[in-house]
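Asks: Protein sequence lines correspond, in order, to chains B and E. With the first sequence counted from 1, adding 85 to any position gets you the numbering used here. With the second sequence counted from 1, adding 106 to any position gets you the numbering used here.
Quick caveat, the hints were computed from the structure, so don't treat them as lab data. Note that the structure is predicted; figures quoted are calculated from it, not measured. Fair warning: there could be bad hints in the mix.
Pair ranges (Cβ atoms, derived) [unchecked claim]:
1. Ser259(E) x Tyr88(B): 51 to 59 angstroms
2. Asp306(B) x Gln157(E): 33 to 41 angstroms
3. Tyr88(B) x Glu306(E): 28 to 36 angstroms
4. Leu361(E) x Glu121(B): 55 to 63 angstroms
5. Tyr271(E) x Asp306(B): 34 to 42 angstroms
6. Asp118(E) x Asn456(B): 48 to 56 angstroms
7. Ile214(E) x Tyr426(B): 39 to 47 angstroms
8. Phe89(B) x Ile240(E): 38 to 46 angstroms
9. Ile214(E) x Ala381(B): 49 to 57 angstroms
10. Glu142(B) x Ser138(E): 28 to 36 angstroms
11. Ile110(B) x Glu255(E): 30 to 38 angstroms
12. Glu174(E) x Phe362(B): 42 to 50 angstroms
13. Glu255(E) x Ala392(B): 33 to 41 angstroms
Backbone N, C-alpha and C fix where the C-beta goes; we use that ideal spot for every residue, glycine too.
Listed here are the chains, written in short residue letters.
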Amino acid sequence: MDYFLSEEQHMIVEIAQQLTDERIIPNRAELDEKDEFPREILKSMAQADLFGVPIPEEYGGFGGGCLDIVLALEQLGRGCIGIGTAFAASALGVYPIIIAGSEELKKKYLPPVAEGKYFAAFGLTEANAGSDASGIQTTAVLDGDEWVLNGTKQWITNGGEAEIYTVIAITDKSKGARGASIFVVEAGDPGFTCGPKEKKMGIRASSTTELIFKDCRIPQDRLVGRKGTGFITVMKTLDSSRPGIAALGLGIGQACVDEAAAYAKQRVQFGKPIISFQAIQHILADMAIQLEASRALVYAAAKHIDAHPKDMSKVSSMCKVMATDMAMKVSVDAVQVMGGYGYMREYPVEKMMRDAKILQIYEGTNQVQRNVIGQELNKEYSRK
Amino acid sequence: MNIIVCIKQVPDAKDVRLDPETNTLAREGVQSIMNPYDQHALEEAVSLREQLGGKVTVLTMGPPQAEEILKQAISCGADKGVLVSDRAFAGADTWATSYTLAKAVEKIGDFDLILCGKQAIDGDTAQVGPGLAIRLDIPFVTCIQNIREASESELVMERMMDDGYDVVAVSCPVLLTVVKDLNTPRVPSLKGKMKAKKAEFTVLSAEDIGADAACIGLAGSPTQVVDVFPPKPRGGRAILNGSMEEQIEQLVEKLAVYL
Numbered sequence: 086m087d088y089f090l091s092e093e094q095h096m097i098v099e100i101a102q103q104l105t106d107e108r109i110i111p112n113r114a115e116l117d118e119k120d121e122f123p124r125e126i127l128k129s130m131a132q133a134d135l136f137g138v139p140i141p142e143e144y145g146g147f148g149g150g151c152l153d154i155v156l157a158l159e160q161l162g163r164g165c166i167g168i169g170t171a172f173a174a175s176a177l178g179v180y181p182i183i184i185a186g187s188e189e190l191k192k193k194y195l196p197p198v199a200e201g202k203y204f205a206a207f208g209l210t211e212a213n214a215g216s217d218a219s220g221i222q223t224t225a226v227l228d229g230d231e232w233v234l235n236g237t238k239q240w241i242t243n244g245g246e247a248e249i250y251t252v253i254a255i256t257d258k259s260k261g262a263r264g265a266s267i268f269v270v271e272a273g274d275p276g277f278t279c280g281p282k283e284k285k286m287g288i289r290a291s292s293t294t295e296l297i298f299k300d301c302r303i304p305q306d307r308l309v310g311r312k313g314t315g316f317i318t319v320m321k322t323l324d325s326s327r328p329g330i331a332a333l334g335l336g337i338g339q340a341c342v343d344e345a346a347a348y349a350k351q352r353v354q355f356g357k358p359i360i361s362f363q364a365i366q367h368i369l370a371d372m373a374i375q376l377e378a379s380r381a382l383v384y385a386a387a388k389h390i391d392a393h394p395k396d397m398s399k400v401s402s403m404c405k406v407m408a409t410d411m412a413m414k415v416s417v418d419a420v421q422v423m424g425g426y427g428y429m430r431e432y433p434v435e436k437m438m439r440d441a442k443i444l445q446i447y448e449g450t451n452q453v454q455r456n457v458i459g460q461e462l463n464k465e466y467s468r469k
Numbered sequence: 107m108n109i110i111v112c113i114k115q116v117p118d119a120k121d122v123r124l125d126p127e128t129n130t131l132a133r134e135g136v137q138s139i140m141n142p143y144d145q146h147a148l149e150e151a152v153s154l155r156e157q158l159g160g161k162v163t164v165l166t167m168g169p170p171q172a173e174e175i176l177k178q179a180i181s182c183g184a185d186k187g188v189l190v191s192d193r194a195f196a197g198a199d200t201w202a203t204s205y206t207l208a209k210a211v212e213k214i215g216d217f218d219l220i221l222c223g224k225q226a227i228d229g230d231t232a233q234v235g236p237g238l239a240i241r242l243d244i245p246f247v248t249c250i251q252n253i254r255e256a257s258e259s260e261l262v263m264e265r266m267m268d269d270g271y272d273v274v275a276v277s278c279p280v281l282l283t284v285v286k287d288l289n290t291p292r293v294p295s296l297k298g299k300m301k302a303k304k305a306e307f308t309v310l311s312a313e314d315i316g317a318d319a320a321c322i323g324l325a326g327s328p329t330q331v332v333d334v335f336p337p338k339p340r341g342g343r344a345i346l347n348g349s350m351e352e353q354i355e356q357l358v359e360k361l362a363v364y365l
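With the hints as constraints, model all of the structure from the sequences given.
Replies: And the structure:
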């Protein structure tokens with residue numbers, strides 16, 4: 086379907102497509118098998134300027150919007166959402182700086198991220214603060230002209246690989262949600278270490294670790310935005326980043342349709358290619374329907390967000406749920422169409438099925454997204 | 107370091123078919139690409155410029171649509187593109203082509219290094235690079251697989267041989283032809299693509315480069331293509347089955363036909 090993209094958007098698609106076909110697809114199985122971080126591939130993505138897409142022009146980027154980043158992530162996701170996740174998490178790591186950071190922080194951190202010299206990460210989740218972000222226990226206390234951070238973040242994408250981390254910590258416990266603030270922590274700051282790499286079911290090319298703060302001292306000016314505005318910035322960050330996760334789902338969905346249809350065309354049983362059997366055609370048709378419907382919603386949601394409306398949470402959550410539930414279902418279907426071959430590691434769909442599961446869990450579980458949508462509906466209908 | 111990279115637009119080899127009627131290349135509907143070896147030459151030029159400064163000029167001879175590969179080169183980091191294009195160049199063989207390119211290089215002037223792909227995948231002659239160096243009266247080294255050291259005055263590099271490689275040091279200006287082991291060509295960048303969209307190229311005619319009409323195009327080409335044909339298909343194969351005696355019997359039967 087033609088979504089009437091701009092010339093620049095077509096360029097982003099072409100570049101991400103070429104990187105995916107030439108660099109990601111030939112290497113994804115090995116990276117997955119070895120749990121290996123895709124440093125070389127990320128370097129070639131930086132060379133192609135993809136890291137600059139979400140960064141404003143005045144800081145060396147392209148000032149791209151939500152749809153631009155969605156288009157890039159959809160292509161990368163078609164190859165490997167482990168690599169796509171590493172890329173997306175870097176963008177997620179700098180969103181708080183873009184949204185709320187001081188001019189000094191922007192000047193210091195955005196240009197090297199745009200160039201791909203620095204890699205970023207976003208530290209929100211903790212052992213007791215997942216879906217309920219208010220359970221955060223990491224603290225930041227001002228001591229003289231330095232903040233002192235203590236606590237442990239869990240399951241942080243790009244942990245141990247990133248140069249800069251935006252970290253949410255409680256600065257005033259008595260204020261609840263208004264007592265959280267965001268800080269920039271650099272790799273190498275005293276008192277900051279990363280835990281060992283977690284062993285995961287899928288997205289194994291991406292790195293996931295704990296971030297451990299033990300009397301970690303950072304300069305006062307690393308506070309992002311005003312003290313106590315951390316949650317608001319986190320919510321804005323996630324509202325703009327969720328369509329990116331949805332886009333990774335579109336990528337998996339497309340790859341699954343491509344793999345399953347191509348296989349069904351060449352697999353012969355009972356003297357015919359299995360694609361000629363209606364049982365298979367219906368599975369493929371349903372996969373294609375769900376994929377295209379999800380794509381239409383994700384693109385529309387991204388365009389809506391690019392207009393910077395006040396009501397972005399609902400559409401952002403809607404597109405995340407739809408596209409990632411689709412990715413899970415379609416990847417299970419692709420394995421089914423390919424039968425025993427689909428289950429084997431020689432074929433890419435078993436990895437896609439393992440990978441797809443995380444999309445329903447991270448950046449807010451799909452249940453939490455439904456809560457958001459439900460609460461918004463409740464508000465809307467109270468007014469009527 | 108100022109570098110000129112010679113590039114050629116060729117039909118995508120993945121796509122090539124012969125017209126069964128005429129036995130010539132069927133060009134309709136066949137995608138054109140930048141000769142793959144030339145992509146490695148361009149990558150090396152861009153990375154040398156990133157190390158040493160200077161500029162990278164891409165040069166191609168061809169019809170107006172060859173601007174497509176100049177655009178591609180700009181999106182991959184080249185600074186400037188020159189298209190040598192004139193109806194009078196049509197039908198040029200490697201002799202006439204190297205003459206024409208030499209005249210164009212003289213017109214561009216000021217270079218320390220010329221990089222070419224080892225050969226183009228359409229003609230596969232590997233003659234134009236060395237021919238161009240001879241016309242310009244500069245040294246050339248072919249089949250470069252690695253550049254170890256580079257400065258504006260000298261290059262130290264590895265020349266691929268059938269068995270291992272030679273280490274060659276040569277002073278600039280020099281022409282090199284390169285093989286695919288040299289590097290991995292980069293994917294075009296977003297900035298590059300935007301620059302390519304707006305890029306305008308110098309177009310040089312036979313007159314612009316002061317070419318002698320007798321030395322260009324068909325008139326300047328000693329090679330004349332008499333016939334183009336696909337090689338005859340090889341004979342079929344048969345695998346004989348059964349016991350040794352049965353197989354011998356079958357074999358004798360098959361050979362008997364030729365008696």
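Asks: Could you run down the list of hints and mark each one as holding or not?
Replies: A quick look at each hint next to the structure:
no.: 1; hint: Ser259(E) x Tyr88(B): 51 to 59 angstroms; in the structure: holds, 53 angstroms
no.: 2; hint: Asp306(B) x Gln157(E): 33 to 41 angstroms; in the structure: holds, 36 angstroms
no.: 3; hint: Tyr88(B) x Glu306(E): 28 to 36 angstroms; in the structure: holds, 31 angstroms
no.: 4; hint: Leu361(E) x Glu121(B): 55 to 63 angstroms; in the structure: holds, 58 angstroms
no.: 5; hint: Tyr271(E) x Asp306(B): 34 to 42 angstroms; in the structure: violated, 54 angstroms
no.: 6; hint: Asp118(E) x Asn456(B): 48 to 56 angstroms; in the structure: holds, 52 angstroms
no.: 7; hint: Ile214(E) x Tyr426(B): 39 to 47 angstroms; in the structure: violated, 55 angstroms
no.: 8; hint: Phe89(B) x Ile240(E): 38 to 46 angstroms; in the structure: violated, 53 angstroms
no.: 9; hint: Ile214(E) x Ala381(B): 49 to 57 angstroms; in the structure: holds, 50 angstroms
no.: 10; hint: Glu142(B) x Ser138(E): 28 to 36 angstroms; in the structure: holds, 34 angstroms
no.: 11; hint: Ile110(B) x Glu255(E): 30 to 38 angstroms; in the structure: holds, 35 angstroms
no.: 12; hint: Glu174(E) x Phe362(B): 42 to 50 angstroms; in the structure: holds, 43 angstroms
no.: 13; hint: Glu255(E) x Ala392(B): 33 to 41 angstroms; in the structure: violated, 54 angstroms
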